[in-house]
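Protein chains in written order, with my numbering: chain A, 1 to 321; chain B, 1 to 321.
Where hints are given, some of them may not hold.
Pairs involving identical chains hold if they fit within one copy or between any two copies, as the list cannot separate such chains.
[Stated by the list, open to error] Here are the simulated PhoX-like cross-link-like pairs (lysine-lysine), alpha carbons at most 20 Å apart as the crow flies:
(1) K314 to K284
(2) K39 to K245
(3) K259 to K301
(4) K11 to K142
(5) K258 to K301
(6) K245 to K284
(7) K74 to K11
(8) K259 to K245
(9) K39 to K11
(10) K74 to K301
(11) K314 to K265
(12) K301 to K39
(13) K245 to K142
(14) K265 to K39
(15) K265 to K301
Just so you know, these hints were derived from the structure itself, not from any lab. None of these values were measured; they are calculated from a predicted model.
Protein chains: 2
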Amino acid sequence: MTSIIDDWASKILRGDVRSVSRAISAIENHSTESEDLLKQLFPHTGQAYLTGITGAPGTGKSTLVDRLASYHRKHDERVGVVAVDPTSPYSGGAILGDRIRMQGHASDTGIFIRSMATRGFLGGLSRSTAEVALLLDAAGKKQILIETVGVGQDEIDIVRLADCVLVVMVPGLGDDIQNMKAGLMEIADIFVLNKADREGSERLEEQLHAMLSLVMPRDGWHPPVIRTVATENRGIEELAVTIAKFRQHFESSGKREKKHLEHWKNRLIEMIESRLLESVLGGKAGEARLQELAAAVAARKLDPFSAVSELLSKSGFGAKV
Amino acid sequence: MTSIIDDWASKILRGDVRSVSRAISAIENHSTESEDLLKQLFPHTGQAYLTGITGAPGTGKSTLVDRLASYHRKHDERVGVVAVDPTSPYSGGAILGDRIRMQGHASDTGIFIRSMATRGFLGGLSRSTAEVALLLDAAGKKQILIETVGVGQDEIDIVRLADCVLVVMVPGLGDDIQNMKAGLMEIADIFVLNKADREGSERLEEQLHAMLSLVMPRDGWHPPVIRTVATENRGIEELAVTIAKFRQHFESSGKREKKHLEHWKNRLIEMIESRLLESVLGGKAGEARLQELAAAVAARKLDPFSAVSELLSKSGFGAKV
């Protein structure tokens, strides 16, 4: 077993596409192999820069990510793209999408693109995404782009993984800023106004600046608004340069180490939580039981302590906790 | 034991102040008694309306809460006040504060005021506050006011417990809206512009309306801005009427049951998490160990999986998870 993992890990460290793909599947399936593998790979991580890209459906995130990836490739940096699709329960559609997206980079082994679909309800997606990012980091991707639809808390957690968060908006999408998911505004390090050649882009930019003028800068950084037309490759260089500026601002501010310590503290707590919760509430049966018990508690037919004891004892934790 | 708990519970149901006080201490100390007690009391809960009041230090929240409490007492509703003070590591100062605050209601047994101080780092405060709210609900308080300083995620979680959230602001406090903790804006059902007789209140109100015009109403409710001068009892009636309007809006919208089910589902998950986490990371030693291991992981001296295994095995969960 160890030699198989050893072999697998060394192939990943050399950037072997097939081995990386297999490892992502292992991570998605929460297999024990994936843990053994990531343990071996971990000392080789910490070199990648993670950029999170989020925004409503229809804002052109995929094209934007594609163009950013091409930009990095032109500057000889290896790129990993993780597209998180919370709307797709199975990854069939996602994999088809990957094939189409890969076409533009077909002959380029310096870029790796993978979509992930939603699994379970216990934050499994955010955990898997974090692990895939570690894997791509170990595989030598210096720029990792994590793309997700900004619809729920889970997606907000995912982009929070990133060192730099882009929030993508377009003019004329319903009520513009008003359609924005609460919470997205606060996590943006850079706003991207995509499809900036469309009518209404000036108005949207004004609204954004009005909103931003009311918000205090974090750690001395004022989130800028970058105009792009991703389909025509316009504004991409300025965007990439702005990301680099943000990186420099952040890394020179001396807060980096403290932030990384805080990051890992939270990650360890999350990992413990998710492991314990999964063993208590994991699987369809656990989720159904939770729903049932919550309904009984809401109706005052059962007290919450007894509900919790029942859930814990069913999974053998009862005596311990 | 059972008869002691029975006796204690029936005294609480009759609203006995001393018994309620003792129960709060038991909750704060996470004693097993408190759980037995809350189990017995739980079927008698669900009648109270919880209003959360948050805002920066110096916005006059305590006075506002005091005036709101008096308003409810005048309308013959029994009131419970829980003031959460995350800045005080011990409750000494808080208890002194309670004595001063109680003076105005000294002869009134229909009002109960209690402060709580921060405990631990595992969301213990938000759990305790939720339990104290249940207790006061069982003790027949129809209006429960939960007051906290809006400084961190923990405090935001606390006010989220509430059926209605007030965010209190005052003019001339530094940079006004810019000083607002990110995330507070989104949870406000009603904005209270306190000390509205001060210079700059018109400007602040304009800023608030400008900000609100950019945000989509939730469930058809546009958060209004109510001007008060709590020290002079001005605007309190309008505020209380607006809270009642919000309550009616929410309860007639048909979304109440679904929301309560969702609430209890999340609460059960939180309770399970906090029980499990406490047994893994509880106590000073656990926290110190977490900090140590996170530092080792951040420095790539240890992989996160081994760190998690170590934390779990130390607490006897290793084999199980």
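Could you work out which of the previously given hints the structure breaks and list their numbers from low to high? Checked against the structure, the hints that fail are numbers 2, 6, 7, 10, while the rest are satisfied.
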